[in-house]
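Participant: Here's the letter readout for the chains.
Protein chains: 2
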Amino acid sequence: MILRLSSLFVRTLREDPADAEVPSHRLLVRAGYIRRNAPGIYTWLPLGLRVLRKIENIVRDEMDAIGAQELLFPALLPREPYDATNRWTEYGDSIFRLQDRKGADYLLGPTHEEMFTLVVKDLYSSYKDLPLWIYQIQNKYRDEARPRAGILRGREFVMKDSYSFDIDDAGLDRSYQAHRDAYTRIFDRLGFDYVIVKAEAGAMGGSKSEEFLAKAAVGEDTYVRCNRCDYAANVEAVDSLAPSPVAYDDAPAAHAEQTPDTPTIDTLVDHLNERYPRDDRPWHAGDTLKNVVFSVRHPDGTTEALAIGIPGDREVDAKRLESKLGEGVVFEPFGEEDFAARPTLAKGYIGPGALGEKKPAGVRFLLDPRVVEGTRWVTGADVTGSHVLDLVAGRDFSGDGIIDVADVRDGDPCPNNDGGLLESARGIEMGHVFQLGRKYADALGLQVLDENGKLVTVTMGSYGIGPSRAVAAIAENTLDEIGLCWPREVAPADVHIVATGKDEAVFEAAEQLSQDLSARGLDVMYDDRKASPGVKFKDAELIGVPTIVTVGRGLVDGVFEVKDRRSGERTDVPVGDAVDHLVAVVRG
Amino acid sequence: MILRLSSLFVRTLREDPADAEVPSHRLLVRAGYIRRNAPGIYTWLPLGLRVLRKIENIVRDEMDAIGAQELLFPALLPREPYDATNRWTEYGDSIFRLQDRKGADYLLGPTHEEMFTLVVKDLYSSYKDLPLWIYQIQNKYRDEARPRAGILRGREFVMKDSYSFDIDDAGLDRSYQAHRDAYTRIFDRLGFDYVIVKAEAGAMGGSKSEEFLAKAAVGEDTYVRCNRCDYAANVEAVDSLAPSPVAYDDAPAAHAEQTPDTPTIDTLVDHLNERYPRDDRPWHAGDTLKNVVFSVRHPDGTTEALAIGIPGDREVDAKRLESKLGEGVVFEPFGEEDFAARPTLAKGYIGPGALGEKKPAGVRFLLDPRVVEGTRWVTGADVTGSHVLDLVAGRDFSGDGIIDVADVRDGDPCPNNDGGLLESARGIEMGHVFQLGRKYADALGLQVLDENGKLVTVTMGSYGIGPSRAVAAIAENTLDEIGLCWPREVAPADVHIVATGKDEAVFEAAEQLSQDLSARGLDVMYDDRKASPGVKFKDAELIGVPTIVTVGRGLVDGVFEVKDRRSGERTDVPVGDAVDHLVAVVRG
Numbered sequence: 173m174i175l176r177l178s179s180l181f182v183r184t185l186r187e188d189p190a191d192a193e194v195p196s197h198r199l200l201v202r203a204g205y206i207r208r209n210a211p212g213i214y215t216w217l218p219l220g221l222r223v224l225r226k227i228e229n230i231v232r233d234e235m236d237a238i239g240a241q242e243l244l245f246p247a248l249l250p251r252e253p254y255d256a257t258n259r260w261t262e263y264g265d266s267i268f269r270l271q272d273r274k275g276a277d278y279l280l281g282p283t284h285e286e287m288f289t290l291v292v293k294d295l296y297s298s299y300k301d302l303p304l305w306i307y308q309i310q311n312k313y314r315d316e317a318r319p320r321a322g323i324l325r326g327r328e329f330v331m332k333d334s335y336s337f338d339i340d341d342a343g344l345d346r347s348y349q350a351h352r353d354a355y356t357r358i359f360d361r362l363g364f365d366y367v368i369v370k371a372e373a374g375a376m377g378g379s380k381s382e383e384f385l386a387k388a389a390v391g392e393d394t395y396v397r398c399n400r401c402d403y404a405a406n407v408e409a410v411d412s413l414a415p416s417p418v419a420y421d422d423a424p425a426a427h428a429e430q431t432p433d434t435p436t437i438d439t440l441v442d443h444l445n446e447r448y449p450r451d452d453r454p455w456h457a458g459d460t461l462k463n464v465v466f467s468v469r470h471p472d473g474t475t476e477a478l479a480i481g482i483p484g485d486r487e488v489d490a491k492r493l494e495s496k497l498g499e500g501v502v503f504e505p506f507g508e509e510d511f512a513a514r515p516t517l518a519k520g521y522i523g524p525g526a527l528g529e530k531k532p533a534g535v536r537f538l539l540d541p542r543v544v545e546g547t548r549w550v551t552g553a554d555v556t557g558s559h560v561l562d563l564v565a566g567r568d569f570s571g572d573g574i575i576d577v578a579d580v581r582d583g584d585p586c587p588n589n590d591g592g593l594l595e596s597a598r599g600i601e602m603g604h605v606f607q608l609g610r611k612y613a614d615a616l617g618l619q620v621l622d623e624n625g626k627l628v629t630v631t632m633g634s635y636g637i638g639p640s641r642a643v644a645a646i647a648e649n650t651l652d653e654i655g656l657c658w659p660r661e662v663a664p665a666d667v668h669i670v671a672t673g674k675d676e677a678v679f680e681a682a683e684q685l686s687q688d689l690s691a692r693g694l695d696v697m698y699d700d701r702k703a704s705p706g707v708k709f710k711d712a713e714l715i716g717v718p719t720i721v722t723v724g725r726g727l728v729d730g731v732f733e734v735k736d737r738r739s740g741e742r743t744d745v746p747v748g749d750a751v752d753h754l755v756a757v758v759r760g
Numbered sequence: 173m174i175l176r177l178s179s180l181f182v183r184t185l186r187e188d189p190a191d192a193e194v195p196s197h198r199l200l201v202r203a204g205y206i207r208r209n210a211p212g213i214y215t216w217l218p219l220g221l222r223v224l225r226k227i228e229n230i231v232r233d234e235m236d237a238i239g240a241q242e243l244l245f246p247a248l249l250p251r252e253p254y255d256a257t258n259r260w261t262e263y264g265d266s267i268f269r270l271q272d273r274k275g276a277d278y279l280l281g282p283t284h285e286e287m288f289t290l291v292v293k294d295l296y297s298s299y300k301d302l303p304l305w306i307y308q309i310q311n312k313y314r315d316e317a318r319p320r321a322g323i324l325r326g327r328e329f330v331m332k333d334s335y336s337f338d339i340d341d342a343g344l345d346r347s348y349q350a351h352r353d354a355y356t357r358i359f360d361r362l363g364f365d366y367v368i369v370k371a372e373a374g375a376m377g378g379s380k381s382e383e384f385l386a387k388a389a390v391g392e393d394t395y396v397r398c399n400r401c402d403y404a405a406n407v408e409a410v411d412s413l414a415p416s417p418v419a420y421d422d423a424p425a426a427h428a429e430q431t432p433d434t435p436t437i438d439t440l441v442d443h444l445n446e447r448y449p450r451d452d453r454p455w456h457a458g459d460t461l462k463n464v465v466f467s468v469r470h471p472d473g474t475t476e477a478l479a480i481g482i483p484g485d486r487e488v489d490a491k492r493l494e495s496k497l498g499e500g501v502v503f504e505p506f507g508e509e510d511f512a513a514r515p516t517l518a519k520g521y522i523g524p525g526a527l528g529e530k531k532p533a534g535v536r537f538l539l540d541p542r543v544v545e546g547t548r549w550v551t552g553a554d555v556t557g558s559h560v561l562d563l564v565a566g567r568d569f570s571g572d573g574i575i576d577v578a579d580v581r582d583g584d585p586c587p588n589n590d591g592g593l594l595e596s597a598r599g600i601e602m603g604h605v606f607q608l609g610r611k612y613a614d615a616l617g618l619q620v621l622d623e624n625g626k627l628v629t630v631t632m633g634s635y636g637i638g639p640s641r642a643v644a645a646i647a648e649n650t651l652d653e654i655g656l657c658w659p660r661e662v663a664p665a666d667v668h669i670v671a672t673g674k675d676e677a678v679f680e681a682a683e684q685l686s687q688d689l690s691a692r693g694l695d696v697m698y699d700d701r702k703a704s705p706g707v708k709f710k711d712a713e714l715i716g717v718p719t720i721v722t723v724g725r726g727l728v729d730g731v732f733e734v735k736d737r738r739s740g741e742r743t744d745v746p747v748g749d750a751v752d753h754l755v756a757v758v759r760g
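Protein sequence lines, in the order shown, are assigned to chains Z and F. Numbers in the working numbering are just positions in the first sequence, counted from 1, shifted up by 172. Numbers in the working numbering are just positions in the second sequence, counted from 1, shifted up by 172.
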């Protein structure tokens, strides 16, 4: 196949698009891969569509290889199934809703759990039918508050979503592993730098969950890796290492002290070091327990106040809190009005006295995992201008449970407790494998008969990859300062041939080479335009086909110049050897 | 590739779905190809998706072969471009509209003329860039008032839409012909019975227009063919044969007569034969001119009264009128209130006196093409109980123009005036090629520089095929009384192998045959279920793979039975020859 630049529907741009925030977006627009139609809504021009389709085909290929079966749901969906799972409400503003001419409610599908569950319920009825793995590759829709970075976070985007259906947890484990393996093969084939990290699963009611992230400084996800073992997790899913319980037999009794004008951790620590100096070491923020109170609204409309006790040297990480509370839960820190409504809470001096067992303030109280039995804290005395010292967890106070939402920092100990330290980096989520469990099967009544003729609820796994986001993520992960630089398997062509000069013989030789390579099954981009060599080389570098062949000056010496787009390495190849040489380069 | 029925995600149904109106719908649901989610909204199960993809790939193949380039627009589109062409309004209730979280208006694209026009305007600027042929294969949306017959008229459906862009009309003619030829190849490959008919083009402002119809009794389109020449046209687009002008030198002067109680053509003709008998032949309905008045509302909100004068033996065909008036124009016959508002119009006795040149009634007056100069008519005298006789067209009255909207009948003369007669039949529109002209380029300002550096407006062609409708249309066109019966190129598999009995050897032989055929590149459906032969044969007939191989009783004699699904013809083929035999059958 030959793509001739004289007729290919592409125009490269010299100027960066005004709205481009990240390099991949800038280059995909400038190189003529995509065009913006509305915020988060893009047209795929021929070059972009070629890359998208190559990614889709790799995904399809590996899904088919494990025996998953492709089907295709509508994107325009009736409301009813989403009511049954309460997601019509839970999604809030983040889905597109519409009505038909008769006033019936529809949505544009953001994910299809309901549809997958219902079609299996419709067709299958016996354990003998399981396991079943089905998938689709389809346009999905989310009305993002902040569509971002071109196709990286679009409002219309392509997803491959698979679901597994099993009779029991052991089956789910096998289905999960098969999909995880297929995903690993997919990402290996895509040919760029990725990492598999543990992901938060709790909020959706499932158990095991991992994400495939493309490494990229512009990524929206932060993940950590251990510098010693293979632990890696999305920052939302990091389990903080809890210290062992501490003996507290010799701990003094808790005692409230006057600490005027110490509503912040910094002022408190200064005050402690000045008025209550310790012999062995100065007070520091980590000795204090900070109790942060949030106003929380659940998807069902109920509200509550939630206090979180964390060491004073940490902050509550909003993303970690969001992922722990789950989809559709909205929260914000207590404001003046909230405090006014609960006079028991002394702002700046809140302590377990108001939050703990007897709950005079009527607030749910969750503690950071580091607050283990026997640890000793300075914390609010529930009176303005006063703190309690030597308050011992498990002796003097306890919470209603644990919540692990403090910020994660470089240098934090690895939860595997092997002496390794965590290091953070950023990535783009490209895939997600997830043990969904029985949430949707329960809500929609997906049961089958087991071996004993008893109805049992099916357990499901959910496995997603975003091919359109992958185009941007791979671009972002592989580009360099002069342009896009595609991995071979997803490049819009195998070879980019540039004919330079005005000599007829040059164009004839370039045309012949294009045809010969095409005849050998290669996809050739051939720059047959009447343009200057400078323009053609710049375009070739911008478009990012991995191998660039120059047919020009060298022709009199009987050679073509073959350049590797990434390394920049150039080789003169005799005309007679060029086809075999290039086929070998492309096929590896 | 082997599709094993023991694990394939399919369940055949014995019962017809309650809402199925046509055979293809009934069978596609029963055989497990599609499932309904909402009116006009369907899920493609694996079998259905295979057929859909095969059709899409044939279409893509032939589009690529003529040098058309594929791209992909979003389905979720901003309102603005559709405002610029007024289609946001014109579409009325028939598109899905929605708003995003910021209140901005969007629609789900029903067709993409605006987007194609704008992307070319964005990228191209010179005549040197033309001709350009671009296309996409994509989900489209229409909020049909009456979604019908499953996927035959869905609300979410797949379209391949191409557009050509040319600098002049000669270029458009070449682009049109290339697409018409490609379509002919596509429909030939799809392997079913179709007809190419002239289509109505006027309403959309274009010129040449043809449709590709699948012959099917359940089709929504009626077309006619000449029994002598190759004339074929959608009934909406049939040009009625206008007689030659008639000499009227010896015609008597027009004279009004009393015709009490003759408000209908029948009563009038009876009255004429009784009171004003002719010597040569009796009066008949075709001697009278019937003036039918409509109240018309245009998309821009303006209204008018429109009278149509047609021979009394014809009716105004609402579909023909609709297609002549154009998209978004709404009309209904004058009611009592309308007549009350225009007392000049004597209901039942309306004539050119009130409608013609001086327009006392203020009504636009269009005439059937048969009302040529010199023809002599009996028509209303604009006074209740009175008609005019010997009213000569061109002498005594004229209209504001011609409109060809009378019903077309079997036996009408062919417009080619070759003595041939028209015969009607029904079909399903599957493709449309259309010279769109400059309507969208004008509205959206698509101009390029010509050879002389002058800006000229580009002329466009529009070419559509509906792959999802094609699944239903091909099914409808090819099914028989026992099930689906696919043409080879679109069948979900090449061969359907049925293993019968409980003998291990049978299943081993069937498995081996499946693998051998798969290794030769055939797609095999293999019924490896533990079910009765009766169930398996019924399913094979229902599913409709063109070749059915039975591995069973014959095995002891060393033969498989090969059956042609359409003809029912059976052949015993020796086991050793089976692979070659079947490859030959499939490859033709």
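Calculated directly from the structure, the hints in this document are not laboratory data. There may be inaccurate statements among the hints.
Since the list gives no way to pick out one identical chain from another, each pair is judged satisfied if it fits inside one copy or across any two copies.
Unchecked claim - As a list, the in silico BS3-like pairs of lysine-lysine whose alpha-carbon atoms are at most 25 Å apart:
#1 LYS274 - LYS626
#2 LYS710 - LYS300
#3 LYS293 - LYS702
#4 LYS491 - LYS274
#5 LYS531 - LYS519
#6 LYS300 - LYS626
#7 LYS300 - LYS226
#8 LYS300 - LYS702
#9 LYS293 - LYS611
#10 LYS626 - LYS702
#11 LYS519 - LYS735
#12 LYS293 - LYS710
#13 LYS611 - LYS626
#14 LYS519 - LYS530
#15 LYS226 - LYS387
#16 LYS300 - LYS674
#17 LYS380 - LYS735
#18 LYS226 - LYS735
#19 LYS387 - LYS611
#20 LYS735 - LYS710
Being a predicted model, the structure only gives us computed values, none of them experimental.
Participant: If a hint holds in the structure, say so; if it does not, say that too.
Facilitator: Consistency of the hints with the structure:
no., hint, verdict
1, LYS274 - LYS626, "neither (42 Å within a copy, 50 Å between copies)"
2, LYS710 - LYS300, "between (59 Å within a copy, 22 Å between copies)"
3, LYS293 - LYS702, "between (61 Å within a copy, 22 Å between copies)"
4, LYS491 - LYS274, "between (40 Å within a copy, 24 Å between copies)"
5, LYS531 - LYS519, "within (16 Å within a copy, 86 Å between copies)"
6, LYS300 - LYS626, "within (13 Å within a copy, 72 Å between copies)"
7, LYS300 - LYS226, "neither (35 Å within a copy, 31 Å between copies)"
8, LYS300 - LYS702, "between (65 Å within a copy, 12 Å between copies)"
9, LYS293 - LYS611, "within (14 Å within a copy, 50 Å between copies)"
10, LYS626 - LYS702, "between (74 Å within a copy, 22 Å between copies)"
11, LYS519 - LYS735, "neither (66 Å within a copy, 85 Å between copies)"
12, LYS293 - LYS710, "between (56 Å within a copy, 24 Å between copies)"
13, LYS611 - LYS626, "within (20 Å within a copy, 65 Å between copies)"
14, LYS519 - LYS530, "within (19 Å within a copy, 89 Å between copies)"
15, LYS226 - LYS387, "within (21 Å within a copy, 37 Å between copies)"
16, LYS300 - LYS674, "between (70 Å within a copy, 19 Å between copies)"
17, LYS380 - LYS735, "neither (45 Å within a copy, 50 Å between copies)"
18, LYS226 - LYS735, "within (23 Å within a copy, 39 Å between copies)"
19, LYS387 - LYS611, "neither (32 Å within a copy, 48 Å between copies)"
20, LYS735 - LYS710, "within (13 Å within a copy, 61 Å between copies)"
Hints 1, 7, 11, 17, 19 from the list above are not met by this structure, while the remaining hints are.
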